[in-house]
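Let the sequences and hints guide you as you build the complete structure.
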Amino acid sequence: MKRGQMDDHNIAIVGLGRIGTAFLREILAAKDGYCLKLVCVVEKQETEGKQLAREKGIRIATLDELIELNVGVDVIFDLTGNAAFGEELRARLTNMKNDYTNVAPLNITRLIWALISDEYLPAVHGTRYQAIADTLLEQARAGIIK
Numbered sequence: 001m002k003r004g005q006m007d008d009h010n011i012a013i014v015g016l017g018r019i020g021t022a023f024l025r026e027i028l029a030a031k032d033g034y035c036l037k038l039v040c041v042v043e044k045q046e047t048e049g050k051q052l053a054r055e056k057g058i059r060i061a062t063l064d065e066l067i068e069l070n071v072g073v074d075v076i077f078d079l080t081g082n083a084a085f086g087e088e089l090r091a092r093l094t095n096m097k098n099d100y101t102n103v104a105p106l107n108i109t110r111l112i113w114a115l116i117s118d119e120y121l122p123a124v125h126g127t128r129y130q131a132i133a134d135t136l137l138e139q140a141r142a143g144i145i146k
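Residue numbers for the sequence shown follow UniProt numbering, so the first one is 1 and each next one is one higher.
Please keep in mind that the hints were generated in silico from the structure rather than gathered at the bench.
Don't take each hint at face value.
SDA-like cross-link-like pairs, simulated, lysine to any residue; straight-line CA separation at most 20 Å [to be verified]:
| # | residue 1 | residue 2 |
| --- | --- | --- |
| 1 | Lys44 | Ala30 |
| 2 | Lys44 | Leu63 |
| 3 | Lys37 | Ala61 |
| 4 | Lys56 | Asp8 |
| 5 | Lys146 | Leu136 |
| 6 | Lys97 | Leu63 |
| 7 | Lys37 | Leu115 |
| 8 | Lys44 | Ala29 |
| 9 | Lys44 | Gly57 |
| 10 | Lys37 | Asn10 |
| 11 | Lys97 | Glu68 |
| 12 | Lys37 | Lys146 |
| 13 | Lys56 | Asn10 |
| 14 | Lys37 | Ile67 |
These figures come from a predicted structure and were not determined experimentally.
Next comes the structure, spelled out in structure tokens:
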């Protein structure tokens, strides 16, 4: 390895809906220059993103197969938009004693997007402020905040 050369970062994308597909496209366009190695994607439904992954020869895995990759994945981008799924994913990694692999939430995905793309990541919520309001409302409903 040359001085200053970085190792590849092994990544996976879970959820190839509207947001995940847009993220996949940017990763495919930028990966050579950013030391990113897309190990696999996970998507149950037939989506445009899943078809794109198939066309590009990217491994389409089940959640179980992703978990079995263990420390072969540095970062999992959870783009399902489902908080319960993210919790399940983290719990399954913990059950495997995998403290190495990180699950990146949407705000970290947005940060990565900003670094690799000149485009805007499509909004899940109307705005960042709407996302904060939705989060606070859900926390209030759950009794986490009063």
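**Item:** Violated hints - listed by number, lowest first
**Value:** Of the numbered hints given earlier, those the structure breaks are 1, 8 and 12, listed in rising order.
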